[in-house]
Each structure stands twice: as C-alpha cells, then as structure tokens.
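*Asks:* In case you want the letters, here they are:
There are 2 protein chains.
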Amino acid sequence: MSVEHGNSFLTAYLKEKKGAIDDALDRYLPGEENYPPVIFKAMRYSLFAGGKRIRPILCLASAEAVGGGSGKSLPSILPVACALELIHTYSLIHDDLPAMDNDDYRRGKPTSHKVFGEDIAILAGDALLTEAFHLIARRDLMGDVLPENLLTVIHDIAEAAGYFGMVGGQVVDLQSEGREADLETLHYIHSHKTGAMIITSVRAGALLAGASKDELYALSEYGRHVGLVFQIADDILNIEGDRALLGKNTGSDASRGKITFPAMMGVEASRRKARELVEQALVDIATFDPKARPLREIARYLVERKS
Amino acid sequence: MSVEHGNSFLTAYLKEKKGAIDDALDRYLPGEENYPPVIFKAMRYSLFAGGKRIRPILCLASAEAVGGGSGKSLPSILPVACALELIHTYSLIHDDLPAMDNDDYRRGKPTSHKVFGEDIAILAGDALLTEAFHLIARRDLMGDVLPENLLTVIHDIAEAAGYFGMVGGQVVDLQSEGREADLETLHYIHSHKTGAMIITSVRAGALLAGASKDELYALSEYGRHVGLVFQIADDILNIEGDRALLGKNTGSDASRGKITFPAMMGVEASRRKARELVEQALVDIATFDPKARPLREIARYLVERKS
Numbered sequence: 074m075s076v077e078h079g080n081s082f083l084t085a086y087l088k089e090k091k092g093a094i095d096d097a098l099d100r101y102l103p104g105e106e107n108y109p110p111v112i113f114k115a116m117r118y119s120l121f122a123g124g125k126r127i128r129p130i131l132c133l134a135s136a137e138a139v140g141g142g143s144g145k146s147l148p149s150i151l152p153v154a155c156a157l158e159l160i161h162t163y164s165l166i167h168d169d170l171p172a173m174d175n176d177d178y179r180r181g182k183p184t185s186h187k188v189f190g191e192d193i194a195i196l197a198g199d200a201l202l203t204e205a206f207h208l209i210a211r212r213d214l215m216g217d218v219l220p221e222n223l224l225t226v227i228h229d230i231a232e233a234a235g236y237f238g239m240v241g242g243q244v245v246d247l248q249s250e251g252r253e254a255d256l257e258t259l260h261y262i263h264s265h266k267t268g269a270m271i272i273t274s275v276r277a278g279a280l281l282a283g284a285s286k287d288e289l290y291a292l293s294e295y296g297r298h299v300g301l302v303f304q305i306a307d308d309i310l311n312i313e314g315d316r317a318l319l320g321k322n323t324g325s326d327a328s329r330g331k332i333t334f335p336a337m338m339g340v341e342a343s344r345r346k347a348r349e350l351v352e353q354a355l356v357d358i359a360t361f362d363p364k365a366r367p368l369r370e371i372a373r374y375l376v377e378r379k380s
Numbered sequence: 074m075s076v077e078h079g080n081s082f083l084t085a086y087l088k089e090k091k092g093a094i095d096d097a098l099d100r101y102l103p104g105e106e107n108y109p110p111v112i113f114k115a116m117r118y119s120l121f122a123g124g125k126r127i128r129p130i131l132c133l134a135s136a137e138a139v140g141g142g143s144g145k146s147l148p149s150i151l152p153v154a155c156a157l158e159l160i161h162t163y164s165l166i167h168d169d170l171p172a173m174d175n176d177d178y179r180r181g182k183p184t185s186h187k188v189f190g191e192d193i194a195i196l197a198g199d200a201l202l203t204e205a206f207h208l209i210a211r212r213d214l215m216g217d218v219l220p221e222n223l224l225t226v227i228h229d230i231a232e233a234a235g236y237f238g239m240v241g242g243q244v245v246d247l248q249s250e251g252r253e254a255d256l257e258t259l260h261y262i263h264s265h266k267t268g269a270m271i272i273t274s275v276r277a278g279a280l281l282a283g284a285s286k287d288e289l290y291a292l293s294e295y296g297r298h299v300g301l302v303f304q305i306a307d308d309i310l311n312i313e314g315d316r317a318l319l320g321k322n323t324g325s326d327a328s329r330g331k332i333t334f335p336a337m338m339g340v341e342a343s344r345r346k347a348r349e350l351v352e353q354a355l356v357d358i359a360t361f362d363p364k365a366r367p368l369r370e371i372a373r374y375l376v377e378r379k380s
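Going line by line, the protein sequences match chains A and B. In the working numbering, each residue carries its 1-based index in the first sequence increased by 73. In the working numbering, each residue carries its 1-based index in the second sequence increased by 73.
Because the hints were derived from the structure by calculation, they are not lab data. Hints may be right or wrong, so weigh each one.
These stretches of chain A come out as covered by chain B in the derived footprint (C-beta under 8 Å, 3 or more residues) [to be verified]:
1. 168–178
2. 244–252
3. 265–277
Since the structure is predicted, the reported quantities are computational estimates derived from the model, not experimental observations. Heads up, the beta-carbon is just placed ideally off N, CA and C, and yes, glycines get one too.
Okay, chain A solo, but in the shape it has when bound:
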C-alpha cells in the first residue's frame, strides 16, 4: 500500500495500522488445523488476499480523532475494526460469484469460487459475515467498552450491511446493468453499496472511543463524503488504472454496461467532483484537533490512489 505523493506520515500510519489489523485478524480467526479445514482455508484465502484494510483503518483513525484509540482503549476497538473487514471480505466473495458479477480475479488472485468451488465460496462468505458479529460480541476481547455501546455498533453495522445498506446497493447495482443510467440510481448504488459501510466504520470507532454527539455527526458527514470519493476513485481506476497494480481487469464496468460516475460525466469531471468531496470532508472535521490528522491525510490519499 504505497502512497504516491511522498507523504511519509501517512505511509507509516497506514503501514502500522494495517500490520495491527492483519495480526489481529490472524489471531482472531481459527487456523486451517481446525475441522473442516476447507472453510478456514477459504475464509483466510480471501481475508489475506492483499486488502488495503481501509474500513478498519478508518475505524481506528476515527477513534483516535476523538481522543480514544491510542494506548489503553485501542485493544477493545480492534475487534470491531476487524469485523468491518470480515464483512467487506464476505461481500467481495459473494459479489464475485458467477450468479452475481462473475469475476475470475480479485486483487491479482483467482476469486474464491474459482479456487474452492461455488458452494464453499458461498459458505465462506456466510461464515465471514457470521464471524463479524461473533467477534464483536466476544467477552474476552471486550475490554472496558460499554455493552450498550457494542450493541449500538452491532445494530449500526448490521443496518449498513443489510437491505437498507450494502445488500440493497448490490441489488440495485445488479438490476441496473445494461440499463439507461440515471444519476439518482447511481447515487443510490454508491451510497448504499460502499458508502454505508464506510460511514459505519468511521462512526463505530468514534462511538466506542466516546465521541460527543456533535463529533459523531461531523464524522458521519466526513464518512459520507469520503465514501463517495472512494467509489468515484474506484470507478476511475476501473477505466484507466494499471491492471498490474489493481490485480484485476480494467474496463470491466464499461463492458458490463455498469453505470458509474466517469461513464455519466466523464473522467475529468469525476476527478473534479472527487476533489471537491475531499475538500468537503476536510471541512466536516475542520474543528477537530491534530489527532484527526490521519483522517485528513486519508481523505486526500483516497482521491490520488493508484490501486
């Protein structure tokens, strides 16, 4: 996960957090010595396939931004951060299935169903989704987080992942393939398919770290703007990204007739739109102190990323 514009602060920050998240995921998830081995193999195959850990990192950075997350309280936020990645990974496995987007490659590796078969891929996704809630509710990892706050986090994550969030977005995305594009539908897909989980990632960290109502509102807005940036950047990368860096075929959105920002308004206008959104995200958290620096740098990074 290299940062191209020579920002050594962010490079070091992302590296440290990604390391902590990867270690924790490896610790939390049972190994392949368990029975039946194939399900643990399949879950781990997709989970450790080179994800950037954007959602868990946003969760941790948001906790830090409101003054939690460093030192004592970090351990109890880490399971929630990891749960967000479990849900993200499940959604990729299911989205790649032949009945859905029918993708053979993801992050440069064959997709789960190509390696393990469709049946195991479906079940690996199911197991990852289930494990997310199991992990958040593990008493041995809970630390001093309030039970009612964990319940709120479970509620919010499930809402963002479900029919009014990510699943709803995927349904509309599937339905809209090859149809006449309209901006309203495009906005629905983006805000639900990726936006909702990005917002909930930012909110969950802040909530567990004891954010005030005002802070939580500001961070939700930040998440909303950053989530959209993330999706527009993804769409642009799908057109002009480097296949080697992305690890998947570019141009797949266009050949599938998917509606995207660049398809509707062109690449340059999309890039301008993304930069505007970054500015809005920075305004959202303008009153936050220097502990919000990671959130600020991440917002700027998302629009410039090459993979």
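We have chain A already, so just place chain B on it with the hints.
*Replies:* Relative to chain A, chain B alone:
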C-alpha cells in the same frame, strides 16, 4: 401445524406461539413497498413459506420453563426468537442453491432461486442473516433485557450459526455426499448443521429469562437430545414421509447418497433411537416444574410428527 396424537394442549400452544412469531416477523421486517422491492419480496417469500417456527417456539418455551417469558418479559425475548427463524430461513435459501443441494421445491413451493434467480436468492439469504443481528440489537425492542445478556446471546447464536456450527455442518454434509458413510461424520453433520442452532435456541430463551447456571446446563442437554431427535425424524420423513404433507420430494437423501441415520441403521432402529433420545430429553428437565410442560410436549411431538 397439526399434532396427530390428539394433544390439544400442545396444539393450542404451538398455534398461539406460531401466531405471535408470524405477527412479530411481519412487524419487524420492512414491507415490499420499500426500495428495492425485490429484496423484501424475496426475504418475505421464504420467511412466510409455511415454516413451523420450531426454533423460535423452543426459545419462548425455554424462557417460560425457567419462569420468564410470560407476561412482561415476553416482548423482549420475541426479537431474539424471530432472529433464530431469520437465520434458519437464510440457511434454507443458501442450502437450496444450485451450487449446494440444488433443490427446486421447499415446503411445497418453488425455492427462492427458482423464483427470484440465484443472485437475488444469495442476497436474500445474506440480508436475512444480517437482519438477525440487527433485530437483536434494536434498542426500541430491547425492553428491560440486560445489554450484556444480549451480547452473550449474539455471541452464542453467531457461534452456533458459523464455522464451528451450522456452516461447518453444511460443509461436511456437502463433502460427504456419495462417500462411504461413517457414524462419526454423521454425528458431526447432525450436531453442527441442525443441533447447534436448536441448542442455542433453547439456551437463548433461558438466558434472557434469567435461568440459573444449573437450569442452563439442563436445558442445553435437553436441546442437544431434542436436536438429534429432530434430525433423525427429518431423515425418516425423507424416506417414508408423505410428499403432500412435506411439500418436497421424498427419497432425495438416498438418491443423493447422503448419509443419514436410517440409511446407516435402518428405519426401525432409527425410530427406536429417536424415542430413547426423547426419554433422555425428558430426564434432562425432570426437576423443572409444570411451566416446562411445553418443552416436554414438544420433545414427544418431534418424534411423532408427520411433516
């Protein structure tokens, strides 16, 4: 859901509870007027396809058996009871998929993927599983249940539904088709694929109703025995059940080379085994007072059921 041996107490009990659960599910789950309609249609199609609501009823009956569940505390247990049915329904939709058991009919109706397509069937399952945890964590339905108890219930349900429970059982079931049967594998499949969720149904109700440690242990044992009865009865029905009553093809286990109790030890020995297990389940809760009558009657009913 008729009870054949003229037990009017149980008939009335099951009818009342099923009614309460059906009403609650209908209230909790958004309707088809929501966007995108097809996901709510698909979830509701499978959820209201004539399920017997065994798991939620066991949850409510278990709460009553330890002195809770009636009157004031019932409302706050109902969401958890319904969550168990959401998870059960998701598992049926995914199990029926072409990549899994490839079943065209379930409860006399075409399966989800036959009606909505594979993509929507997968997503409807995903949405139901996600909704289960959303529902348990809904603050407006929580009543006076302790947040830490709800977290324990979420933990236990996710464990029973995941890789060490239902998903693990389904993986081994898929792997064992057409292979030489052995009793150890058969026992693994039954105890994980159906057993774990039955045990957790019984435990969840008891836990929320304030069961003691001893009561919880006794009810877990009851759940373990009753879960096995349920599965053996299912296997026998698959051989000699009435297709019209079952709403699905009989003989499908045999034609698929599935290992089952009747396939391994014959129908009569399996029926004897099931009756022994019912006796054990009754012993497990022998010290409970008359409020455990529904649990006792349900155990006896499971072995005699015709559908």
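*Asks:* Give a verdict on every hint.
*Replies:* Consistency of the hints with the structure:
1. 168–178: holds (count 3)
2. 244–252: holds (count 4)
3. 265–277: Per the Cβ count (0), the hint is violated.
In the structure shown, a violation is registered for the earlier hint numbered 3 alone.
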